[in-house]
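Enquirer: Sequence:
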Amino acid sequence: MSQPSQVQSAMALLISAFHKYSGKEGDKYTLSKGELKDLLSNELGDIFGKTTDQKALDKIFKDLDANADGSVDFQEYVTLVACLTMLCNDFFKDAKKK
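Numbering-wise (the UniProt record's numbering), the sequence shown opens with residue 1 and increments by one.
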């Protein structure tokens with residue numbers, strides 16, 4: 001069997017990171033606000049910092065919770081990661097031009 005491609009490996013890592021934090025406080029397929037805070041702090045701390053600002057966390061959670069069900073599901077999480085990835089790509093693309 002061949003090795004997974006870089007994209008397949010990245011997909012597996014995204015799935016694994018989500019499930020590492022989901023389900024500790026309820027539904028195992030969604031993130032509560034506390035679980036999202038842990039994920040952002042531990043996995044994206046360089047971007048979000050340690051997310052100690054409760055108002056900022058509340059806003060991020062509300063913005064991500066597109067269906068307003070009080071949790072962040074996998075699709076909502078992937079939307080965050082995709083947007084951050086696009087912003088990082090733009091940043092590095094602009095940095096190369098300089």
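FYI, nobody ran anything at the bench for these hints, they're computed from the structure.
Everything numeric in this text was worked out from a predicted model, so none of it was measured.
Heads up, the beta-carbon is just placed ideally off N, CA and C, and yes, glycines get one too.
Please note that a few of the clues may not be correct.
[Said to hold, decoys possible] For each label pair, taking beta carbons as the anchor points, the in silico distance ranges come out as:
| # | residue 1 | residue 2 | range |
| --- | --- | --- | --- |
| 1 | Tyr29 | Met1 | 25 to 31 Å |
| 2 | Gly70 | Ala95 | 34 to 40 Å |
| 3 | Gln75 | Asn42 | 20 to 26 Å |
| 4 | Leu44 | Gly70 | 34 to 40 Å |
Enquirer: If you check each hint against the structure, which ones fail?
Expert: 4
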